[in-house]
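Colleague: Based on these hints, arrange chain B with the ligands on the given structure of chain A.
2 protein chains.
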Amino acid sequence: MAKKVLIIGGVAGGASAAARLRRLDEHAEIILFERGQYISFANCGLPYYIGNVISERDYLLVQTEESMEARFHIDVRPEHEVVAIDRGRKEVEVIAKGERYRESYDYLILSPGAEPLVPPIPGIDHPSIYTVRNMNDIDKIHRHIQQVQPQKSVVIGGGYVGIEMAENLRELGQDVTVIEAGPNILAPFDFEMARMLEKTLHDHGIPVITNDAVTAFAPTAAPATGSGDKSHRGPVTLTLKSGQTLTADLVILAVGVRPENKLAREAGLDIGERGGIKVDPYLRTSDPSIYAVGDAIEVKDRVNGAYSLIPLAGPANKQGRIAADNICGRNIQYTGSQGSAILKVCNLTAAATGNNEKQLKRAGIAYRKSYTQSPSHAGYYPGGNEMVVKILFTPDEGKLLGAQIVGEDGVDKRIDVLATAIRHGMTVYDLAELELAYAPPYSSAKDPVNMAGFVGTNILRGDVNVVHWDELPAMDPSTYVLLDVRTRQEHQYSHPEGALLIPVDELRERIDEIPRDKKIFAFCRIGIRGYIACRILAPHGFDVYNISGGNELYAA
Amino acid sequence: MAKKVLIIGGVAGGASAAARLRRLDEHAEIILFERGQYISFANCGLPYYIGNVISERDYLLVQTEESMEARFHIDVRPEHEVVAIDRGRKEVEVIAKGERYRESYDYLILSPGAEPLVPPIPGIDHPSIYTVRNMNDIDKIHRHIQQVQPQKSVVIGGGYVGIEMAENLRELGQDVTVIEAGPNILAPFDFEMARMLEKTLHDHGIPVITNDAVTAFAPTAAPATGSGDKSHRGPVTLTLKSGQTLTADLVILAVGVRPENKLAREAGLDIGERGGIKVDPYLRTSDPSIYAVGDAIEVKDRVNGAYSLIPLAGPANKQGRIAADNICGRNIQYTGSQGSAILKVCNLTAAATGNNEKQLKRAGIAYRKSYTQSPSHAGYYPGGNEMVVKILFTPDEGKLLGAQIVGEDGVDKRIDVLATAIRHGMTVYDLAELELAYAPPYSSAKDPVNMAGFVGTNILRGDVNVVHWDELPAMDPSTYVLLDVRTRQEHQYSHPEGALLIPVDELRERIDEIPRDKKIFAFCRIGIRGYIACRILAPHGFDVYNISGGNELYAA
Ligand SMILES: Cc1cc2nc3c(=O)[nH]c(=O)nc-3n(C[C@H](O)[C@H](O)[C@H](O)COP(=O)(O)OP(=O)(O)OC[C@H]3O[C@@H](n4cnc5c(N)ncnc54)[C@H](O)[C@@H]3O)c2cc1C
Ligand SMILES: Cc1cc2nc3c(=O)[nH]c(=O)nc-3n(C[C@H](O)[C@H](O)[C@H](O)COP(=O)(O)OP(=O)(O)OC[C@H]3O[C@@H](n4cnc5c(N)ncnc54)[C@H](O)[C@@H]3O)c2cc1C
Ligand SMILES: CC(C)(COP(=O)(O)OP(=O)(O)OC[C@H]1O[C@@H](n2cnc3c(N)ncnc32)[C@H](O)[C@@H]1OP(=O)(O)O)[C@@H](O)C(=O)NCCC(=O)NCCS
Ligand SMILES: CC(C)(COP(=O)(O)OP(=O)(O)OC[C@H]1O[C@@H](n2cnc3c(N)ncnc32)[C@H](O)[C@@H]1OP(=O)(O)O)[C@@H](O)C(=O)NCCC(=O)NCCS
Ligand SMILES: [Ca+2]
Ligand SMILES: [Ca+2]
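Chains as they are written, first to last, in this note's numbering: chain A, 1 to 556; chain B, 1 to 556.
For the record, the hints were derived by calculation from the structure and aren't laboratory data. Do not take every clue at face value.
Capping the alpha-carbon separation at 30 Å, the derived lysine-lysine pairs in BS3-like fashion look like this [unchecked claim]:
hint, chain 1, residue 1, chain 2, residue 2
1, A, Lys399, B, Lys519
2, A, Lys399, B, Lys300
3, B, Lys518, A, Lys446
4, B, Lys358, B, Lys399
5, A, Lys300, B, Lys399
6, A, Lys446, B, Lys278
7, B, Lys3, B, Lys358
8, B, Lys358, B, Lys278
9, A, Lys446, B, Lys300
10, A, Lys446, A, Lys300
11, A, Lys241, A, Lys399
12, B, Lys446, A, Lys358
13, B, Lys90, B, Lys358
14, A, Lys446, B, Lys399
15, B, Lys241, B, Lys300
16, A, Lys4, A, Lys97
17, B, Lys3, A, Lys3
18, A, Lys361, A, Lys519
19, A, Lys90, A, Lys262
20, A, Lys446, B, Lys4
21, B, Lys241, B, Lys140
22, A, Lys90, A, Lys4
23, A, Lys97, A, Lys3
24, B, Lys446, A, Lys262
25, A, Lys399, B, Lys90
26, A, Lys278, A, Lys152
27, A, Lys97, A, Lys358
28, B, Lys241, A, Lys446
29, A, Lys446, A, Lys399
30, B, Lys446, A, Lys446
31, B, Lys3, A, Lys446
32, A, Lys278, B, Lys446
33, B, Lys262, A, Lys300
34, A, Lys4, A, Lys361
35, B, Lys361, A, Lys4
Footprint (simulated), chain B over chain A, 3 or more residues, beta carbon under 8 Å [as the list claims (entries may be wrong)]:
hint, segment
36, 45 to 56
37, 263 to 270
38, 355 to 369
39, 380 to 392
Keep in mind that this is a model prediction, so the values were computed, not measured. Quick reminder that beta carbons are idealized off the backbone N, C-alpha and C, glycines included.
Just chain A, with the same shape it has in the complex (with noise of 0.2 Å):
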């Protein structure tokens, strides 16, 4: 007999599932349910229709009701929602257009994605304020922004759903401001390297407070700037805790998703510490007729074991695919996520992979990091740009544990080599070693991938000590000497206070002015000549350091 197999949730992991079994299992009855109008839109595209980069509304729609029932024989039910499971049954129930019925199972697929969360500040139901999930938000803001054409938003939340709404608004001419609760914007950064990131959205008009959160919204008394629909949508006044006030045409809030665990929890199934579905495996939860999938279900973090949250769209599909496969018999299992994500902040590209140094330190995991700034194809052709490569790795034998990279241009081909290297446990060896295709419009012949290897494998041979910035506040300035060996008219630009200027290329003759009673801090702009210096110094008995990554990263 044909299987019978009911998917909730009709985007990402539910469509991905439902193409997948039917392409394993022509014979299988399959129906999709989806609450919303709209199955397999892009969530990912949302904020690029709102800032006109993605011009057509219907681009959105991948794919449709129709074009998934012709293609695929599925019953696609488009504003069906279902209300709950009863497993001793093997039954759905299912409410549309306020009619309740039943529906029988023999596999049950749960992709019911993640829902925005909305905390309980005062006057948080102002309707100027939205979230960004689905194509019905969209087509709200998009409304609002038609009718009352604000001229001041806000986004509160800088996760990457709060800065790509952000930048998009920005496109629109808005004055846009983005508050973050945390110390810098976009959790999976590190925060001198999120710190680049807030200095170009500032540099393209969109300022960012950090450390603040909002503490009430309330409609502005006197009409902010915006026009139209004043009754109804009219500004906002928010009162931050920092008590500084903003108005508003138009909030985005943007503070997170939580994962849709409702029917799940209510059906009895196993939820984990961190409110996403239990699964094993092979996508399985508490029951073996049920699988779940995507934003709502706990994963294995790669790097750092522990059951997490990764709401990112590359897992959902890969996820709705293996839980078809394993429906059909196949016995695939899904051995976890890093964590690899990128982004778009105004001309800059920030990408990052496995774990970084909170993370890490959160789950007591010994590292070493390196940071390295690299030219995306040959400096002697034109159109290239340097980028900032932080690598995290294990001390000993110098695994890599997490990668984060800023730059304009190169950072998405640098994450995706990085992100294959930490799935397969490869070394900072490994990356030096590594043959990259190489031209003058693509690459050097290192590439900043092996330019961070060999980086990386000198800090772990001793061939180098390095020191952080960060690490000198905690220092007794009179135990050591900043060296600074970049050229006179760098230095002359800009200098930390009573560095020691030598030309690196002066050093060997100079040698005799360094001081021998003290530890030596050499630094240049992003960290060769520093490291040079060491090397120079090294042999003649001195205690010197190189700064890694250099200036620059930190004059930030």
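Modeller: Just chain B with the ligands now, kept in the frame of chain A:
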């Protein structure tokens, strides 16, 4: 006592070795001999300087004699040619400005590179014919262009130097023709991939003549189209094997290179079958005091295990670094090359890594192949383009053997991920699992590399049978039906003769129209719908195959 190291060749491998040696040993005596006027120039940038893409000649000089001496305290000797190695006395013989002298060594590093082949074709010494290896060559070509103002040029040899030169001469407005003796240009690519590149060259006004070779050059009797300097650097008439003749104001001879092995040979060092200097994994020649790196050596091909010539800058730079490491007692192995290469061909990027079909056949390695065509980033985000990804893998465990990609955008990223995968012995199953970084401007939730992995695993698991267009001609047409599952419009626009049209979305209803006594070869534009058709038809008992890569790939 400080060791004394001599290096022969001052560019990619030699200069890299010199810099690394100094960083590892502040006290060593290091002398760098370079026959030419310049060290450390950007060989790979030379064609782009001719095309004014690199606007300043100075940009090509990555390091100079002065900068290397100042920073690394290296005795740099340009215009010093080493003419003999006296291994017994551990000395070399040098000629500089007509003077001959000897210099002793503890260690010697050979990085003399490779020289352009100049076949003994009658008339090949005509002064309008140039090879492209160094600054001197490029200065001469530059002068020729300035003085003769060529309107027609011919590039002989469709390797990457030839193609880059052709594109850059075309940039200057010249009529450029490429002549290639083999069946296709760019040997790292298989025929059908190279075809796309030949086509784009053609579309950009650069006709490519394949399967033909020059048999004679002669001064053109009546001046051709160029102006100036007729007497000396006048036009050339080329006669081809086919009988065709061409005239040109400028001829670039780029028919390949051979290792500069003369010094090594005369010194009695072991030379390999391919003419390269033989080295062990530590890059030591048959004389343990002498190391050799770069274009001059034979390296182990990591895929097929054969000793090969892989004259590329990435390997040369890394080998230089490793030779220095080993001279400083580090015991680092160079574990072989995989031939990762990339180049720009007008609007396209072409990249390859590992072995191609020709190499695998030659090596007798069994393989399967798959083509996928995937967008460089999410289809709904503007600016994306499709790329064709070809992967080759073992028929049993699916281990990757090679990859080739042609596309407009994002090709460099995917080849580097695949190069990393090949280096670490990954399989198509691993590709399917990779968690790459996704946001709409950069990729799709299923990256082209994942997609190649899915399709590869589908083939290996027997989920789909594939057939390749190049296998069809050998088959009896009465044994199969070509089933076109594209839309009516696509079919009407063009289709192979005799193809039966049933759009994929109509297959289920029209299944009775499909003959059951023949093989069914389903095809669409790129292969997805063909695959889906297979998954629909196979369960109904059809002997059905997907034509890998779809119609488009072979239409060219
Ligand atoms: C604005 C935005 C931008 C993003 N950008 C990126 C990006 O650049 N890169 C990236 O990797 N990820 C991005 N994501 C995240 C990505 O979209 C999600 O990780 C992915 O869509 C999760 O897939 P899913 O199937 O778990 O959930 P979803 O795709 O959200 O689908 C869940 C669906 O289930 C439906 N549903 C829930 N409960 C029920 C029920 N009881 N009955 C019927 N239907 C129900 C919901 O209506 C919803 O449509 C972005 C998300 C948003 C919102
Ligand atoms: C036009 C062009 C474009 C290229 N593009 C690319 C590309 O895009 N990507 C890529 O990976 N590779 C490219 N390459 C190849 C790359 O440049 C070489 O692989 C690399 O330079 C090899 O390094 P090497 O040190 O072995 O030789 P070289 O860099 O050629 O240096 C050898 C030097 O040794 C000197 N020498 C030889 N014999 C003696 C002697 N007896 N005494 C003193 N000096 C001597 C020579 O004068 C020469 O300068 C390109 C090459 C050319 C010519
Ligand atoms: C589109 C969607 C329904 C998935 O459909 P899908 O058919 O599984 O995915 P694709 O169209 O990418 O096709 C992939 C299939 O084609 C196959 N394929 C791809 N290229 C191929 C080629 N050239 N030849 C043969 N097969 C090919 C793949 O192997 C895969 O099939 P498999 O899973 O059976 O191995 C689902 O991803 C979706 O709803 N996406 C939009 C929502 C979303 O993802 N949001 C978050 C990101 S914005
Ligand atoms: C330039 C050239 C002389 C090599 O010099 P090099 O000093 O070894 O190379 P780079 O300038 O790239 O610097 C790399 C070194 O800096 C280190 N480094 C790079 N970034 C760093 C950073 N941010 N912090 C600390 N160290 C850094 C690397 O670890 C490496 O040192 P190591 O080898 O001791 O580990 C040589 O490559 C050359 O002549 N190139 C031109 C010719 C050529 O390559 N042609 C073919 C391609 S066109
Ligand atoms: Ca329907
Ligand atoms: Ca000198």
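Colleague: Between A/Lys399 and B/Lys90, does the CA-CA distance stay at or below 30 Å?
Modeller: violated, 42 Å
Colleague: Between B/Lys358 and B/Lys278, is the straight-line Cα distance small enough, at 30 Å or below?
Modeller: holds, 25 Å
Colleague: Mind checking the alpha carbons of A/Lys278 and A/Lys152 for me, to see if they're no more than 30 Å apart?
Modeller: With a Cα-Cα distance of about 42 Å, the restraint between A/Lys278 and A/Lys152 is violated, given a limit of 30 Å.
Colleague: Between the segment 263 to 270 of chain A and chain B, see if three or more residues pass the 8 Å beta-carbon test, and mark the coverage as holds or violated.
Modeller: Since three or more residues must qualify, the claim that chain B covers the segment 263 to 270 of chain A is violated, with 0 doing so at under 8 Å.
Colleague: Checking one constraint from the list: CA of A/Lys278 to CA of B/Lys446, max 30 Å. Satisfied?
Modeller: Status holds; Cα separation ~24 Å.
Colleague: Take a quick look at whether B/Lys446 and A/Lys446 sit within 30 Å of each other, Cα to Cα.
Modeller: holds, 29 Å
Colleague: For a C-alpha distance cap of 30 Å, please report whether A/Lys446 and A/Lys300 respect it.
Modeller: Status violated; Cα separation ~34 Å.
Colleague: Checking C-beta pairs, does the segment 380 to 392 of chain A have three or more residues closer than 8 Å to chain B?
Modeller: It holds, with 3 qualifying residues against the three required.
Colleague: When you check the alpha-carbon spacing of B/Lys3 and B/Lys358, does it fall within 30 Å?
Modeller: Between B/Lys3 and B/Lys358 the Cα gap is close to 46 Å, so the pair fails against 30 Å, i.e. violated.
Colleague: Does the structure keep B/Lys262 and A/Lys300 at a Cα separation of 30 Å or less?
Modeller: violated, 58 Å
Colleague: Please verify whether A/Lys4 and A/Lys97 have alpha carbons no more than 30 Å apart.
Modeller: Roughly 24 Å between the alpha carbons, so the hint for A/Lys4 and A/Lys97 holds.
Colleague: Need the status of pair B/Lys241, A/Lys446: alpha-carbon distance at most 30 Å?
Modeller: Status violated; Cα separation ~42 Å.
Going down the numbered hints, you'll see the structure goes against 1, 3, 7, 10, 11, 13, 15, 17, 25, 26, 27, 28, 33, 34, 35, 37 and 38, while the others check out.
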